[in-house]
Amino acid sequence: MPRFITERDSRFFYNINNELVNDVVETEIQIFKTVIAESNPDDIYGESTTRKYYTGVRINCLINRADSTTDQTTFGQNVIQSITFAINREIAKSKNVYPENGDIIQWNSFLYEVDHVSENQHIAGRSDQDLNWSFVCNAHMTNISQINIAERSQ
Amino acid sequence: MFENRINQLRRDTDTVRNTTVTFEDVDTAIWNHIKDVIKPTIEENGITRIVPVMFASPERWRGIQADGWYRDQQSRQIMVPIIAISRGSFSKNSSIAMDKIDGVMRKTVASGYNTKNKYDIFSVANKLKPTKVHYSVTVPDYVVINYEVSIWTKSIRQMSSIIEKFVFAEASYWGDKYDKFRVSYDTIDNTVDIADGQDRAVRDTFTMNVNAYIIPKDFNNKDTTIKILEPAKIVMVAEVVNSFGEEIKTIQRGVIPVEFEGGEIDEYELFTVTDGDFITADGKNYNVFK
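Sequences listed follow chains P and R, in order.
Residue numbering for the first sequence follows my numbering, beginning at 1 and increasing consecutively.
Residue numbering for the second sequence follows my numbering, beginning at 1001 and increasing consecutively.
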């Protein structure tokens, strides 16, 4: 049993973190995970035009967003934005959700597709499961034509 | 400089379209053909969606505000699939050698019925021949215009359904009821991009060669389409000569001035007039000439 960062310390960190995220900051997102079995996983091209999702899970997290920029393309201006969602593992566990690459996150009416999930925030650099602290999801803005989550206006 | 008044014909009441073929006409013909004949569509969740076709790189206000229907209303991002076309370079069609001689070389076509050929007793009694209106059009420049077509979809399956139609439409004449141009293309480039920070995108591009022809509206201050009226007078001339072959009298017979705007001759008869006589019709005087 290590002398520092005991289970009691870990619980203290979690309580502080939980209070900060759920009672102070309160920025809520909604995570949509894909129903793989019903999304044509054996497609020859590795794609699905009939992708299906589980019901979204609401969860609070810390958000670090970049300013949106525009990209001039042949098709006109396109809006680009990258964003980071930092989700506490214990909070995610309590909501029974595990974010992965390709999941869709809705925040502030916008939709983001997760590019990469980093699970590299270890308290005191320890590899204990309880001290692996967060999911940091790097995502980019997407739109309703790219995913199959809402009726498109077109 | 005197202008020949025979060329001063009223054109604002014409129902005949001037034969001009501009770059905009070619652009419009190609755009309409893709929209209305090829009709690219995709299947998505059992719904057939029409793929929007646009000209590349619109102005910002147009792309964002006016044409917002192909954008996500929340994120203002471009929704896919979408097709963009843009006009690239063009060159003279060297396979059709044509020397227009500064617009002098023309082709003339005759129109059918025109309102001046109304059937009435006057025409029958005087055996007037129906007149025709001719339109003389300068010979066009034959050019090959290149168009860059970009297609963006989210999946290979959607792209395939669009490209199949374009392949089928190749090497045919594209256009509307006014202008048709032969379109051909060889290679269609296909790329599938999936990069961090971007959505997966399937993009196809190809270059179309459009064999077209260009006739500007006017050149050197003259319309390239000229209206020409046939003579409405038939002048029968009898020459009387003496025994030495000298002309002593020239008689013109049946000089009927019918070619005046909006006029009808109320009183008429077969008559014989001589050179220098005056004929009055519809309040106007006409001088008989040889």
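There's no promise every hint is true.
Computed from the model, here is a short list of chain P residues facing chain R with C-beta under 8 Å [to be verified]: (1) Gln129; (2) Asp130; (3) Asn132.
Covered by chain R, according to a simulated footprint, are these stretches of chain P (three or more residues, beta-carbon under 8 Å) [stated by the list, open to error]: (4) 18-24; (5) 28-40; (6) 68-79.
Below, a list of computed lysine-lysine pairs in the DSSO-like style, where the Cα atoms sit at most 30 Å apart [claimed, not checked]: (7) R:Lys1039 - P:Lys52; (8) P:Lys52 - R:Lys1165; (9) R:Lys1107 - R:Lys1222; (10) R:Lys1118 - R:Lys1132; (11) R:Lys1039 - R:Lys1129; (12) R:Lys1039 - R:Lys1118.
To be clear, the hints were calculated from the coordinates, so they are not data collected in a lab.
Please read all numbers here as calculations on a predicted model, not as lab measurements.
Backbone N, C-alpha and C fix where the C-beta goes; we use that ideal spot for every residue, glycine too.
Structure-inconsistent hints, enumerated in ascending order: 1, 2, 3, 4, 5, 11, 12
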